[in-house]
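Asks: Here's the letter readout for the chains.
Protein chains: 2
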Amino acid sequence: MVREDLKPFFFPESVAVVGASRKPGKVGHELLRNLMRFYKGRIYPINPKAEEVLGLKAYPSIKSLPETPDLAVIVVPAPAVPQAAEEAGEVGVKAIIVISGGFKEVGPEGAELERKLVEVIRKYGMRLIGPNCVGVYVPKSGVNTVFLPAERQGFPPHGGIAFISQSGAFGAAVLDWAAMRGVGMSKFVSYGNKADIDDADLLEYLREDPDTRVITMYVEGVEDGRAFMRALKETTPVKPVIVLKSGRTEAGARAASSHTGSLAGSDAVYSAAFKQSGAVRAYGMEELFDIAMAFDKQPPAIGDRVAVLTVGGGSGVMTTDALSDLGLKVPKLSDETVAKLRKVLLPIASPYNPVDVTGSARDEHLIQAAEILMRSGEIDVIVWLPYYMVPGISPNLNKEFIKVVKEVNGELDKPIPIIGVATGGEYTWKYAKEAEGMGIPMYLSPERAALAVKALVDYGKWLKLHGTYEEYLNRFYSSLKQ
Amino acid sequence: MVREDLKPFFFPESVAVVGASRKPGKVGHELLRNLMRFYKGRIYPINPKAEEVLGLKAYPSIKSLPETPDLAVIVVPAPAVPQAAEEAGEVGVKAIIVISGGFKEVGPEGAELERKLVEVIRKYGMRLIGPNCVGVYVPKSGVNTVFLPAERQGFPPHGGIAFISQSGAFGAAVLDWAAMRGVGMSKFVSYGNKADIDDADLLEYLREDPDTRVITMYVEGVEDGRAFMRALKETTPVKPVIVLKSGRTEAGARAASSHTGSLAGSDAVYSAAFKQSGAVRAYGMEELFDIAMAFDKQPPAIGDRVAVLTVGGGSGVMTTDALSDLGLKVPKLSDETVAKLRKVLLPIASPYNPVDVTGSARDEHLIQAAEILMRSGEIDVIVWLPYYMVPGISPNLNKEFIKVVKEVNGELDKPIPIIGVATGGEYTWKYAKEAEGMGIPMYLSPERAALAVKALVDYGKWLKLHGTYEEYLNRFYSSLKQ
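Protein chains in written order, with our numbering: chain A, 1 to 482; chain B, 1 to 482.
Hints in this document: simulated from the structure, not taken from any laboratory. Treat each hint with caution, since some may be false.
Which copy is meant is left open, so a pair is good if it fits within one copy or across any two.
Stated by the list, open to error - Result set (DSSO-like, lysine-lysine): computed pairs, CA atoms no more than 27 Å apart in a straight line:
(1) Lys343 with Lys116
(2) Lys430 with Lys40
(3) Lys430 with Lys26
(4) Lys414 with Lys464
(5) Lys399 with Lys26
(6) Lys123 with Lys340
(7) Lys340 with Lys430
Between the sequences and the hints, there should be enough to build the whole structure, so can you do that?
Replies: Okay, structure coming up:
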């Protein structure tokens, strides 16, 4: 089902900011500033005491606007929120985001206020994100309700990863990190107390969203477990969902309960539920996005046989360890394949698996070895470690390597995903980021790359189990072409 | 025992480069260029076919030099190496590094060449690093035999971490990464085939080295297991040793054997040996240096009770999970301590553990909470998550926080180590790096910080067991003052 009701949150043509402020540092000021930075639609600051805010004409109330905005963002103090929502409902607004805190999370009085707010939105058939949240950021439309000061907060570019976060501060920190790391995002949603729209709604929307190739979530607790499970189960045969669930331990659960009031629940139950529903579980922010980056750029794997193709011997050994630790195979190659590799590699190279082209290698050694491995029928994934720093590797390596890999994958029945490792500093990461721009996710260490490979292998199995592998591939490649 | 015989490798007054080359890209050229970049002593290029190399007067042989160099670095092809070593021995050189490959690692012929080389160095009482290695880098003296092109290779500044690597390419990649990350190093040694100087020798030297606070190692295989164990056991009561041992898995061991010819040995034996000898085992490059950075900057912990002090609730929950996963305690605080915290924090703050000062906090909330926690007697370590991006946190936070922490630690019987988490982007990492410069190691994620805390806790126990805790603290703090 396409969730048309959520579209105004992500692609509104006009946005009202109820509680826009002229005072730097205030939420209603910084939020408006961030919104104005990227959003190209019409913005209406609502402030009864101002003529203009940040150069935009201000209006005394939502009722005095020249049009009904598609989206109303509310940042006034909690006690004034139900009334603001009422006015939005009266003029026909269909989507509101309540940033303000002071609701369920502060105790019985706040909970009563939240109940009132929900009553209002039900009355008018509106949908609500929040309260007590950071809201949304959508690079494609420029909608942005993050209220951290623009000087301190980075925003990532458009990309195939959607991120849903129960924690607002953590969500904003992740956006900031993603901007620095160059991780592209399709949608960010911090839903706070999720008085209306929750994880299940968002999964339903993102499942059909052509801009989203992979869904990531930070979750502390789920109220409606059945709905969440159902939404997960319906989503994972279509798109991978990676979940970072905190409050896993006894002490962590206690912490979660004083943070969002979430009952973290038995972790064993969550683990079983994720496994049953085909969601990938991540155990930290780095894992969450390391895995997401692989899904964003590479197809799933059709088996668990991994070739390690390396310029550095030691890193090849560590990669083999890391893959084996996760139950993946780094198989010996057939005599035939070894002979083919020996023919094209340097005499000092090691044509087994890991295929170690050595620090004396040139571009063509990596490229020819990759092609032989891909056509061998003996492996399902390649982890390559190009060591851009050695003298024989040229600045053209990425371009030429990736051209060949794409050609060969085009000819194969089933594509072979490629994952990269780039241990090194500035020069290395200049080229590692170039490779990412061309479609190969790169990791600082073998251990992180191995986790990404494991996710591609497991998800490939899941898709086959559901008979949706071919369909997934078609959608994945056409989405990459957009 | 102070290993005077190793000093010429790290602090020579003059260095000869046998095989210095005028041709860019050649090892003998790039190595000389890197050496000239940092080293302030006298450099003698040896090249019978050149008058000068890179602007330095060249000499036809080591015998024609105006003085006996403290160190000879040999980069000529393998078959010419024993003769070059012989000449160095004749003029009285005491230390040689053989960078050239083509020895034991290539088969029986190379092994014979290596045997000859060892014969020569024994005859003259010389010491040898290599062959088939990247050699040494010592920021303090500027000695540098790394031969990766200077445009592609970064070098870290001086610091308290020594790094010994069996793999040259991985070693160079780590230096390059450390330069980008801002990790300071005291000594780097890539010993290659370790025909003479091995892990045990280097441990013996570094144990007494006043510039080294923590020793890190990348090891694929150890020949003399007893000597290695003995050296580890004698070192760990004095300084922490963190070992990244690869070839852990069956496939990894096979890979190691074709890389360095190392018999990786049973991993269970290594694990038991590390445990018995008090070495910390790391399972990847990031772990290795995450842990090393903690030892470089902070004292060991006297117990396993950890306080989490956070601006972001979600990150506090994840930190609690990560600590609990490793068997560390995040204990409830006493009513008395909770009351003290409540008094200084905002009403919406959570004065339990995690202590969540919330996104509305100001500098003083973090500072006062830290002081209360440190003086409570209820915790042994603090993990703080300052969230530099929120509006109430000022650019002075680090300076003021660290000043108070140092004062309080000065008054306590036993110091409380502080470890930081900074999830975020450019603004956040500008301040995270500032904090590191002031002595608090900062990590991108709670999971990485937790591993560092675990190492501080385990090592504190180890020192107590050996009765060397007080002695360690004295040496640690006086080394920080240098």
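Asks: All hints are to be evaluated individually against the structure, with a verdict given for each.
Replies: Quick rundown of the hints versus the structure:
1. Lys343 with Lys116: The answer is neither: 75 Å in one copy and 33 Å across copies each exceed 27 Å.
2. Lys430 with Lys40: For Lys430 and Lys40, the Cα distance exceeds 27 Å both inside one copy (32 Å) and across copies (31 Å).
3. Lys430 with Lys26: Between copies only: 24 Å across chains, 38 Å inside a chain, cut-off 27 Å.
4. Lys414 with Lys464: within (12 Å within a copy, 58 Å between copies)
5. Lys399 with Lys26: Result: close only across copies, 26 Å inter versus 47 Å intra.
6. Lys123 with Lys340: neither (71 Å within a copy, 46 Å between copies)
7. Lys340 with Lys430: Answer is neither: 32 Å inside a copy and 50 Å across each miss the 27 Å cutoff.
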